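Colleague: Below are the chains, spelled out letter by letter.
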Amino acid sequence: MLINALLKRTGIGIATLLVVSILIFIGTSVLPGDVAQIILGQMATPDSLAALREKLGLDQPGYIRYFLWLGDLLTGDLGYSKAGAGAGTIGTPISEMLAPRLVNTLRLSGTVALIAVPLSVSLGLVAAMYPGTRLDRTVTFATLSLISLPEFLVATFLVLILAVHLNWLPATAYMSGDESGLQLIRALAMPTLTLVIVASSQIIRMTRAAVLNVMSSPYIEMAILKGVPRSRIILRHALFNAIGPIVNVVALNLAYLVSGIVVVETIFAYPGLAKLMVEGVQTRDLPFVQACAMIFCATYVALIFIADMASILSNPRLRHPK
Amino acid sequence: MAALLEVDRLVIDAQTDGGALVPIVKGVSFDVAPGEVVALIGESGSGKTTIALSALGYTRPGLVFGSGEVRLHGEDVIALEPERKRRLRGGRVAYLAQSAAATFNPALTIGEQVTESAVLHGILTQEAADARAV
Amino acid sequence: MSSIPDNPAEPQTQESYDELPDAPPRRRIRFSWSGKLGIGIVAFWLVIVVIGPSIAPYDEADILDEALFVVPGSDNPYPDTDFQPPSRIVLLGTDYLGRDTLSRILWGARVSIGISLAATLIAYLVGITLGIAAAVGGGKLDSGLSRVNDAFLSIPSIMLALVVIAAVGSTIPLLIVLTGLIYATSVFRIARSLGLDVTVSDFVEAARVRGEGLWWIITREILPNVAMPMATDFGLRFVYVILFISSLSFLGLGVQPPTSDWGSMVRENLAGLSYGSIAPLVPALAIATLTIAINMVVDDVSAHAGGRLAKRML
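These protein sequence lines are chains A, B and C, in that order.
Numbered by the working numbering, the letters in the first sequence go through residues 1 to 322 in order.
Numbered by the working numbering, the letters in the second sequence go through residues 1 to 134 in order.
Numbered by the working numbering, the letters in the third sequence go through residues 1 to 314 in order.
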């Protein structure tokens with residue numbers, strides 16, 4: 001039963017990825033714009049345009065182009081940039097443009113995850129373990145206020161306080177690519193802090209709700225009535241049942257990070273993939289935007305998949321079928 | 001002979017959304033002698049489980065003790081500090097729920113849960129408890 | 001043998017079976033202090049949407065004259081007009097071009113709030129219609145709509161918006177329709193799930209057995225019961241839409257200058273932060289007060305509807 005559920009969910013995941021790729025392809029093909037014209041520019045003649053179009057496969061019907069694109073994608077050929085988008089010129093292979101920026105974005109998101117997850121899960125747990133106490137109410141109030149704040153507000157306040165008034169950190173995250181150690185930390189600090197604040201408030205609230213939900217189960221009441229000490233109730237009875245929902249919460253919020261990172265990279269001029277993608281949108285570089293969108297969406301789908309797997313695995317009915 | 005359990009003018013209140021207290025157990029009194037079996041009979045929602053749980057010094061979320069005492073061997077269990085209450089539950093007074101399904105934690109084995117209380121209160125060792133359980 | 005005497009003076013009233021109450025009884029909502037504060041703030045901004053431009057001291061595009069800022073007694077007849085701090089002339093200071101921040105906020109309210117409201121309404125119109133249709137229609141209609149919806153839900157909203165804007169550019173009507181459709185996906189899910197819950201309940205069964213038509217069932221049985229949860233969802237959805245559109249404007253992909261819009265204002269004046277100007281902060285705060293206020297109201301309404309458990313979750 002468990003294997004069935006897992007396989008089914010995997011199948012849905014793959015199907016979703018395919019559908020997403022179709023949607024993205026359609027979205028960017030609404031206005032194909034003439035890639036050939038742009039690449040050849042002033043030197044275009046009707047013959048050379050036709051030849052280039054044929055070479056690029058632009059003269060073929062939509063669905064064939066889709067499968068060609070998909071095939072290229074899966075073998076790692078991401079195509080050529082139409083407009084250069086700030087990190088290359090027209091005709092630069094997209095994978096070259098992408099790679100260093102992707103590394104930066106992974107650095108940022110990795111750091112955020114490493115800090116935010118342990119911090120917020122613990123806070124959410126503690127708040128749920130002692131509900132109604134001053135600690136709990138403080139945590140609840142703080143997260144409630146922070147949750148309504150958009151990333152750019154948190155970011156602007158952080159810049160105002162930390163960079164302008166206290167001068168502790170630089171206001172932008174300009175990196176030349178070979179920083180390390182303290183330099184790297186200083187550049188990463190503000191974007192990381194912004195994302196950690198925004199992501200944490202969600203994770204704390206949802207963890208707290210998930211654990212409270214477990215704590216109000218009848219078997220927990222039974223454990224109290226049996227005189228089981230509080231620490232054992234939490235660690236042995238509650239935690240097992242709460243792990244699934246907690247992993248679910250964490251995965252969902254990491255997926256949310258995919259969109260949050262776009263604003264944060266822009267506001268801090270952090271040289272990551274999201275910022276490059278925004279520039280690509282501004283210059284209408286469709287092939288580039290397509291490739292970036294696939295990367296971000298694939299990550300998103302993968303994280304949601306993990307979240308669902310956690311839910312399935314933590315369902316005791318599926319784990320011990322009888 | 002002194003009663004084992006004395007419920008003395010027990011009042012239990014429910015907290016409404018607005019914070020007001022509404023009494024749902026209004027001054028119940030009865031005694032249970034050693035070896036005696038006492039049955040509380042009433043419609044659903046009349047407060048039978050609530051009264052029974054008070055013998056463990058416990059109220060469900062949303063309920064509070066109003067006034068009155070519940071005495072086990074002459075000692076009021078409602079007024080006990082938390083650690084003594086904990087030792088009382090499962091140690092001197094046990095509760096069996098009417099629905100077994102609700103009692104058991106799906107994440108743990110039944111064996112562990114059945115023997116847990118006895119072992120934690122130092123009444124039996126784990127092996128002895130396991131032997132008795134089977 | 002005793003018999004219960006009939007009172008002949010009182011005729012038996014015929015129970016009218018065709019006037020059964022079909023909506024749950026409404027208890028008055030009691031708002032906490034935060035809920036009341038929230039309502040106040042939301043009402044304030046709605047009023048500003050209507051009268052903002054009329055009470056603004058300057059026009060939104062007015063670049064202020066330097067003469068206004070000459071310090072009496074100083075020998076500089078041409079002071080800088082950009083990023084001026086708040087003073088009696090400009091209550092909230094000026095922005096990067098020398099325009100009055102307060103006026104731009106007042107003018108911008110109708111754009112920022114208006115666009116978001118329009119988009120949310122579209123999201124609701126489309127989402128509820130399709131959601132309830134799927135719930136009541138069932139079968140192929142339901143699975144078809146749900147599959148399409150799930151596909152769109154698998155793409156983060158911002159990515160979808162970026163892709164479409166890259167292809168067709170950004171105009172205000174496009175922004176409204178695009179955002180509306182993106183958020184219609186979440187509304188669809190909720191409307192469908194609520195519709196399903198209600199559809200299988202007894203009173204809808206009874207209505208079906210009585211021979212009531214689909215339209216009657218939807219309007220008289222289903223809608224009154226889904227109204228309250230949907231109202232709280234509307235508030236939450238509105239907040240997401242406001243933040244989404246502001247973020248797009250902040251990226252330069254939403255409302256285009258010179259139209260004043262709170263998100264774009266944050267973007268334009270970002271450089272002012274290093275001068276300690278509040279120019280980028282004021283629009284950001286405007287957005288924040290609105291979204292927090294709506295959240296406070298929604299919390300109260302959902303606690304009322306959901307009862308004790310919902311309050312505990314807060």
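Quick caveat, the hints were computed from the structure, so don't treat them as lab data.
None of these values were measured; they are calculated from a predicted model.
For each residue, glycine too, the CB sits at the ideal point set by N, CA and C.
Hints should not be assumed to be uniformly reliable.
[Unchecked claim] Between beta-carbon pairs, the in silico distance windows are:
| # | chain 1 | residue 1 | chain 2 | residue 2 | range |
| --- | --- | --- | --- | --- | --- |
| 1 | B | Lys48 | A | Asn315 | 58 to 66 Å |
| 2 | C | Leu68 | A | Ile22 | 35 to 43 Å |
| 3 | B | Val64 | C | Gly276 | 50 to 58 Å |
| 4 | A | Arg236 | B | Gln98 | 19 to 27 Å |
| 5 | B | Pro106 | C | Gly276 | 52 to 60 Å |
| 6 | C | Leu141 | A | Ile64 | 42 to 50 Å |
| 7 | C | Arg147 | A | Glu54 | 30 to 38 Å |
| 8 | A | Leu74 | C | Ser274 | 58 to 66 Å |
| 9 | C | Val49 | A | Ala15 | 38 to 46 Å |
Colleague: Next step is simple, just say for each hint if it's right about the structure.
Modeller: Each hint, compared with the structure:
About 33 Å separates the C-beta atoms of Lys48/B and Asn315/A, a value inconsistent with the hinted range of 58 to 66 Å. About 57 Å separates the C-beta atoms of Leu68/C and Ile22/A, a value inconsistent with the hinted range of 35 to 43 Å. For the pair Val64/B and Gly276/C, the beta carbons lie near 54 Å from each other, so the given range of 50 to 58 Å is met. Separation of Arg236/A from Gln98/B is about 25 Å and conforms to the stated range, judged on CB atoms against 19 to 27 Å.
Here the CB-CB span from Pro106/B to Gly276/C is close to 58 Å, well matched to the stated 52 to 60 Å. Distance hint check: the CB atoms of Leu141/C and Ile64/A are about 32 Å apart, inconsistent with the given range 42 to 50 Å. Checked against the hint of 30 to 38 Å, the C-beta distance between Arg147/C and Glu54/A comes to roughly 37 Å, which is consistent with it. In this structure the hint that Leu74/A and Ser274/C lie 58 to 66 Å apart at CB is violated, the actual value being about 46 Å.
Here the CB-CB span from Val49/C to Ala15/A is close to 44 Å, well matched to the stated 38 to 46 Å.
In summary, the structure is inconsistent with hints 1, 2, 6 and 8 from the numbered list given earlier, while agreeing with the others.
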